[in-house]
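K.L.:
Here the protein sequences come in this chain order: H and E.
So in my numbering, spot 208 of the first sequence is number 208, and the numbers just go up one at a time.
So in my numbering, spot 254 of the second sequence is number 254, and the numbers just go up one at a time.
Hint data in this document are derived by calculation from the structure and do not stem from the laboratory.
These numbers come from a predicted model, not from an experiment.
Hints should not be assumed to be uniformly reliable.
To be verified - Listed below are several chain H residues computed to face chain E (Cβ distance under 10 Å; list not exhaustive): (1) Lys70; (2) Ile76; (3) Ala107; (4) Gly127; (5) Val136.
Stated by the list, open to error - Across the chosen pairs, the derived CB separations fall in these ranges: (6) H:Ala32 with E:Val140: 55 to 61 Å; (7) H:Ser48 with E:Leu313: 34 to 40 Å; (8) H:Gln57 with E:Ser337: 25 to 31 Å.
Claimed, not checked - No more than 35 Å apart at the CA atoms, straight line, and that leaves these computed lysine-lysine pairs for DSBU-like: (9) H:Lys124 with E:Lys341; (10) H:Lys37 with H:Lys114; (11) H:Lys37 with E:Lys341; (12) E:Lys428 with H:Lys122.
Beta carbons: idealized from backbone N, C-alpha and C, even for Gly.
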Amino acid sequence: MSRSRVVGLAALLLVVSLPLRAQEPEQQDRMAKLDIKTRGAVELLVDSAVAEGLPTQPLRSIALLGITRKADGRQIVAAVRRELILLRTARTALGRVDETELTAAAAVLEAGAKPTQLATFKNKQRGRSDLQAFTVWADLITRGVPGEDASSAITRLWDEGADDATFVSLWNNVQSDILRGLNPGTALQNRIREAPLRPPTTKGPQTPEGQENARSE
Amino acid sequence: MNEPKVAILVFTAALTLPAYGGLAAQIASKIEAGQYSVSDGAVPSSSVLRLTPNIQYTFPHATITARGSAFLSDQQLQIADGIVSGTFTSPTVYGVRAEMIGNASRAMDDRSLGTDQVDVQTRVHVLFRTHGGMWLGGGVARPWRVAVVSSAEVTDVGAWGKLGDVTTKFGMATLTTTFTNFSFSKTASVHDTGSASLSCAMTPASVASVMSLGSEARPVFSESPVAGACARQSRFSDLEAMLRWEVGALELSAAMGHRFGDSYDVTPDSRRWTSANATLWLNERVAIIGGGGRQPALPLRGLPARTFWMTGLQLAYAPISKTAVPVALPHTVLVKSFEMKPGASGMQKIVIRVGGVETVDVMGDFSDWSPLTLIRRGRDLWELALPLSAGVHQINVRVDGGQWVPPPGMPLMRDGFNGEVGLLVVPK
Numbered sequence: 001m002s003r004s005r006v007v008g009l010a011a012l013l014l015v016v017s018l019p020l021r022a023q024e025p026e027q028q029d030r031m032a033k034l035d036i037k038t039r040g041a042v043e044l045l046v047d048s049a050v051a052e053g054l055p056t057q058p059l060r061s062i063a064l065l066g067i068t069r070k071a072d073g074r075q076i077v078a079a080v081r082r083e084l085i086l087l088r089t090a091r092t093a094l095g096r097v098d099e100t101e102l103t104a105a106a107a108v109l110e111a112g113a114k115p116t117q118l119a120t121f122k123n124k125q126r127g128r129s130d131l132q133a134f135t136v137w138a139d140l141i142t143r144g145v146p147g148e149d150a151s152s153a154i155t156r157l158w159d160e161g162a163d164d165a166t167f168v169s170l171w172n173n174v175q176s177d178i179l180r181g182l183n184p185g186t187a188l189q190n191r192i193r194e195a196p197l198r199p200p201t202t203k204g205p206q207t208p209e210g211q212e213n214a215r216s217e
Numbered sequence: 001m002n003e004p005k006v007a008i009l010v011f012t013a014a015l016t017l018p019a020y021g022g023l024a025a026q027i028a029s030k031i032e033a034g035q036y037s038v039s040d041g042a043v044p045s046s047s048v049l050r051l052t053p054n055i056q057y058t059f060p061h062a063t064i065t066a067r068g069s070a071f072l073s074d075q076q077l078q079i080a081d082g083i084v085s086g087t088f089t090s091p092t093v094y095g096v097r098a099e100m101i102g103n104a105s106r107a108m109d110d111r112s113l114g115t116d117q118v119d120v121q122t123r124v125h126v127l128f129r130t131h132g133g134m135w136l137g138g139g140v141a142r143p144w145r146v147a148v149v150s151s152a153e154v155t156d157v158g159a160w161g162k163l164g165d166v167t168t169k170f171g172m173a174t175l176t177t178t179f180t181n182f183s184f185s186k187t188a189s190v191h192d193t194g195s196a197s198l199s200c201a202m203t204p205a206s207v208a209s210v211m212s213l214g215s216e217a218r219p220v221f222s223e224s225p226v227a228g229a230c231a232r233q234s235r236f237s238d239l240e241a242m243l244r245w246e247v248g249a250l251e252l253s254a255a256m257g258h259r260f261g262d263s264y265d266v267t268p269d270s271r272r273w274t275s276a277n278a279t280l281w282l283n284e285r286v287a288i289i290g291g292g293g294r295q296p297a298l299p300l301r302g303l304p305a306r307t308f309w310m311t312g313l314q315l316a317y318a319p320i321s322k323t324a325v326p327v328a329l330p331h332t333v334l335v336k337s338f339e340m341k342p343g344a345s346g347m348q349k350i351v352i353r354v355g356g357v358e359t360v361d362v363m364g365d366f367s368d369w370s371p372l373t374l375i376r377r378g379r380d381l382w383e384l385a386l387p388l389s390a391g392v393h394q395i396n397v398r399v400d401g402g403q404w405v406p407p408p409g410m411p412l413m414r415d416g417f418n419g420e421v422g423l424l425v426v427p428k
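Please work from the sequences and hints to get the whole structure.
P.N.:
Pasting the structure below:
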């Protein structure tokens, strides 16, 4: 490789990496608004996440949100610690999953779901995303749907092979019923009965169409 | 059925109305109950229980308010005053907004003599985002059952400024200054007591002598008083400054004013006034209130100057919206829709529809919770392209520098700091 090509490649790498490097100091600058004690505590928690192989971006994001909300240092550290525990719990429940899924699962736990209720999502079909299901789940609990009801509705839909559109449709209907004044739990029960379902495609070999009928005859 | 019973029935019906569906979010109603003491010099001070229902229907560009007060004294409930107001505001275009206000009111003096008034006013507001503004307005007030006053022309000019934010340590302070001019013809009688009768009692010769002295007080009245009465033009102006400070659960407000005008139109006890009020919210529906001070005379209503103090409890049927700013600012309910569309080069385009506002901002984990301002693409269309990675993102939106809220039509969750954030799913 000629010298000019090496220089060109280096220049290209520098240009490409500039926005990434520029963002990091910016985040650091905002973190500098924290007092030394709080910042030290947050950094310790971030280091723990790194050591455990957990994502660190959600922790930094919580700290920055706390700064924006003008929360005091103690509240910020408590929120970051809580997020770390939730991420840890989510990974125990789901196993090794990617960062986005782990963060979404932590949001469900933050809303009030139990770790055992996440177990349904541990072994999912390749290519199937549970992000929308988690988002709707967290929202339903936040809006006042009892945790058990929300959990059983979401896991039932998931087990039955519901797609993203089904979850979004359920959420739309339930939240509009709640806004109209219906009890959140009742709104979910009413709407879950109407939710269009697809036959599950993930659970073992499927029975050939008509075979069950043939057997029963 | 007598008047108090009708009023109680109407207010009870209005207070139960919010129970039905979507109107609930648009209604605020409250009742104040406590001791209210008034003295105006002539009448000895009295302490009575005061009930002040207040019902407000808020629409995107209109507000209808009905409020009143009643005194419970000697086992009898008596209506003290009542007002129905309608305010219509135009969308804001380059920081300019028009406002039309209509009021119909009744005021009772000493719970026996009542006066009615209808007034209409238009104002043009210039807003400096949500941090301050000024206005110029004019209108007509038509009183009834006030023997000495005809309809009045009212012009006013005001300015306001806001410092801080309700979420900051020192809260938010709003300072408002107004200058209001009243001009009306007054019918004075020689049988009146006080300065009003002086103009009738004066002969043309004595008027000439007053004018030749260059007095500031120059009464202008009809040349031939009929049956011991005369009509003359009255004019006075009020300069008033009001400060409102909100810090945490405490709201403090104070006002002071000065009335300009000649001695025929302004009595000495109405030259200057001050008053202060405090509200301590125990929760979003219950507050302890207290205050006192001096109110100037209201010649258009035939009400004398008075000293008052009050203390009591305020109960709100629905959470009361705080309105420190003397102009209806756009609410978050104006956000009609929020959408995310795939854009070019892996970007995601945020599309928000909201009318009548000057700025729309979003912030979220993708911006390290720093505000990003959307670009106006149409009358009510705002857009911003963002490099959002696949996954779940937290997002909030605000209009005109107001409160950060989750975007409408989007799942939400609590954020760990007593707030809520919207959840935006970017598919993988």
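K.L.:
Would you mind marking each hint as holding or not holding in the structure?
P.N.:
Hint-by-hint comparison with the structure:
1. The interface hint given for lysine 70 (chain H) holds, since its Cβ lies 6 Å from the closest Cβ of chain E, which is under the 10 Å cut-off.
2. Against a cut-off of 10 Å between C-beta atoms, the interface hint on isoleucine 76 (chain H) holds, since the closest Cβ of chain E lies about 8 Å away.
3. The restraint placing alanine 107 (chain H) at the interface with chain E holds, with a minimum CB-CB distance near 6 Å, inside the 10 Å limit.
4. Given hint, glycine 127 (chain H) at the interface with chain E, holds; its Cβ is 9 Å from that chain's nearest Cβ, closer than 10 Å.
5. Given the 10 Å rule on beta carbons, the hint for valine 136 (chain H) holds: about 6 Å separates it from the nearest Cβ of chain E.
6. For alanine 32 (chain H) and valine 140 (chain E), the hinted distance range of 55 to 61 Å is satisfied, since their beta carbons lie about 59 Å from each other.
7. Judged by the Cβ atoms, the range 34 to 40 Å given for serine 48 (chain H) and leucine 313 (chain E) is violated: they are separated by roughly 50 Å.
8. At about 29 Å, the beta-carbon gap between glutamine 57 (chain H) and serine 337 (chain E) stays in the expected band of 25 to 31 Å.
9. About 28 Å separates the Cα atoms of lysine 124 (chain H) and lysine 341 (chain E), which keeps this hinted pair within 35 Å; it holds.
10. With a C-alpha separation of about 32 Å, the suggested pair lysine 37 (chain H) and lysine 114 (chain H) falls inside the 35 Å cut-off, and the hint holds.
11. For the hint linking lysine 37 (chain H) to lysine 341 (chain E), the alpha-carbon distance of about 42 Å lies beyond 35 Å, and the restraint is violated.
12. With a C-alpha separation of about 18 Å, the suggested pair lysine 428 (chain E) and lysine 122 (chain H) falls inside the 35 Å cut-off, and the hint holds.
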